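Sequence order for the protein chains is A and B.
Under my numbering, the letters of the first sequence match residues 1 to 153, in that order.
Under my numbering, the letters of the second sequence match residues 1 to 146, in that order.
Hints are computed from structural coordinates only; laboratory data are not their basis.
Keep in mind it's a predicted model, so treat the numbers as computed, not measured.
The beta-carbon is built from N, C-alpha and C at its ideal position, and this holds for glycine as well.
Among the hints, a few may not be true.
[Unchecked claim] So the derived label-pair ranges between C-beta atoms look like this:
id	chain 1	residue 1	chain 2	residue 2	range
1	A	C124	B	S25	54 to 62 Å
2	A	L9	B	E87	26 to 34 Å
3	B	G79	A	L9	24 to 32 Å
4	A	L7	B	S25	32 to 40 Å
5	B	S14	A	Q148	34 to 42 Å
6	B	I29	A	V15	53 to 61 Å
7	B	S25	A	I84	49 to 57 Å
8	A	F29	B	R76	28 to 36 Å
[Unchecked claim] Heads up, simulated DSSO-like pairs for lysine-lysine below, C-alpha to C-alpha not over 30 Å straight-line:
id	chain 1	residue 1	chain 2	residue 2
9	A	K132	B	K140
10	B	K98	B	K143
11	A	K145	A	K132
12	A	K139	B	K143
13	B	K140	A	K130
14	B	K39	B	K143
15	B	K6	B	K39
16	B	K98	A	K145
17	B	K143	A	K132
18	B	K98	A	K139
19	A	K130	B	K143
20	B	K98	A	K130
21	A	K152	B	K39
22	B	K2	A	K139
23	B	K2	B	K39
24	B	K140	A	K152
25	A	K145	B	K140
26	B	K98	A	K138
27	B	K28	B	K2
28	B	K98	B	K28
29	B	K28	A	K152
30	A	K130	A	K145
31	B	K28	A	K138
32	B	K39	B	K28
33	B	K140	B	K98
34	B	K39	A	K145
35	A	K138	B	K140
36	A	K152	B	K2
37	B	K28	B	K7
38	A	K152	A	K138
39	A	K139	A	K152
40	B	K98	A	K152
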Amino acid sequence: MKGDKKLSLWERYLVHEIGIEFKACLYFFAVLFFYCVVRIIGGVYSADILHMTQMILACYVICYMQFILFWDFDEADTLGAREISGMVICTALYCALSYVFGWFDRKLTPTLIFAAYILVTYLCVFLIYKTKRHLDDKKLNEELKIFQSEHKK
Amino acid sequence: MKIDIKKISQGEESVTIRYAQMTPSIQKIIGILRGEKTKLWGRVSDENVCVELDSVLYLETVDDRVFAYTSDQVVRIDGSLSSFMDEACDETFFRCSKSMVININRVASLRSMSSNRIDATMENGEHIMISRRYAVEFRKLLKGDR
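Only chain A is shown next, with the shape it has when bound in the complex (with noise of 0.2 Å):
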């Protein structure tokens, strides 16, 4: 290919961490608004800036662990086995955390209404990116039938 540049070691890394923080920034918003329901059912009006920080970490970490170790079940193309292993397992390590740093107060049943919610978050961000996909095929599917028509021998 003519004019062909190779991504560097550091770009492929920044491509890679942009879109992990991307997801992080994406389920912290899914976690912090279901603590701020929570608290607001609990009639407390306010949110612990330390339970904020927890959060933002856990994700960043946990979508990491998705990435590197997960097979990035969010953004797979068709949900198997693996990718529901991932998900229950990750949403196993939300609720584990959420319960050592008390976000729900160590509180059985936010915790597992937490669960459901994370994983319900997960299909969510499944179908989502399926969705968007499934718009780029029309697009793309539609510019190669006129790539082929004007290159027509």
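The hints should help you fit chain B onto chain A, whose structure is shown.
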């Protein structure tokens, strides 16, 4: 191969090719002289063959050998994928990975995959993956931005 080049002041320009055995390289030279840029010369089990460039679905490097795949035959060609790309000078051929070049005119459909990769289904039903690194350039080419 010995090459004699003589400058003439008058008379018709001509090229004489003296060969012991007709090889794809010789045939390629003849093709260039005849202005046949749309043909690809190669070998199929020790037999010299010529295929229309447009009939090639994709090219692949296997063990430092380059093979061109059409719908019904596999032709071994001389050189590398880079030299093929330079010689072909054809936008319809796209380097989709380190070891493959696809003919975009022979792509039946495309599918967007995870990690920004693209799965190209060729006319013969084979699937070729366009890696993330090349997918950006491929999208630009389809849009006409390259």
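Keeping to a limit of 30 Å between CA atoms, is the pair of K39 of chain B and K145 of chain A held or broken? Holds: K39 of chain B and K145 of chain A sit about 24 Å apart, inside 30 Å.
Given the hint that K145 of chain A pairs with K140 of chain B, does the C-alpha gap stay at or below 30 Å? holds (15 Å)
Verify the CB-CB distance for F29 of chain A and R76 of chain B against the hinted window 28 to 36 Å. The hint (28 to 36 Å, Cβ to Cβ) is violated, given that F29 of chain A and R76 of chain B are roughly 56 Å apart.
Agreement of K28 of chain B and K138 of chain A with the hint, judged by alpha carbon distance not exceeding 30 Å: violated (40 Å)
Checking one constraint from the list: CA of K145 of chain A to CA of K132 of chain A, max 30 Å. Satisfied? holds (20 Å)
Does the alpha-carbon distance linking K140 of chain B and K130 of chain A stay inside the 30 Å limit? At roughly 22 Å apart (the allowed maximum being 30 Å), K130 of chain A and K140 of chain B satisfy the hint.
Between the alpha carbons of K2 of chain B and K139 of chain A, is the straight-line distance 30 Å or under? violated (53 Å)
K138 of chain A and K140 of chain B: Cα distance at most 30 Å? Roughly 16 Å separates the two Cα atoms, so the pair holds.
Take a look at whether the Cβ-Cβ distance between G79 of chain B and L9 of chain A falls inside 24 to 32 Å. Cβ of G79 of chain B to Cβ of L9 of chain A: about 30 Å, so the range 24 to 32 Å holds.
What's the verdict on K39 of chain B and K28 of chain B, does the C-alpha distance respect the 30 Å limit or exceed it? Between K39 of chain B and K28 of chain B the Cα gap is close to 8 Å, so the pair holds against 30 Å.
Measuring from beta carbon to beta carbon, are L7 of chain A and S25 of chain B in 32 to 40 Å? Holds - the Cβ-Cβ distance for L7 of chain A and S25 of chain B, about 35 Å, lies within 32 to 40 Å.
Does the alpha-carbon distance linking K139 of chain A and K143 of chain B stay inside the 30 Å limit? Judged against 30 Å, a Cα distance of about 10 Å means the pair holds.
In summary, the numbered hints that this structure violates are 6, 8, 22, 31 and 36.
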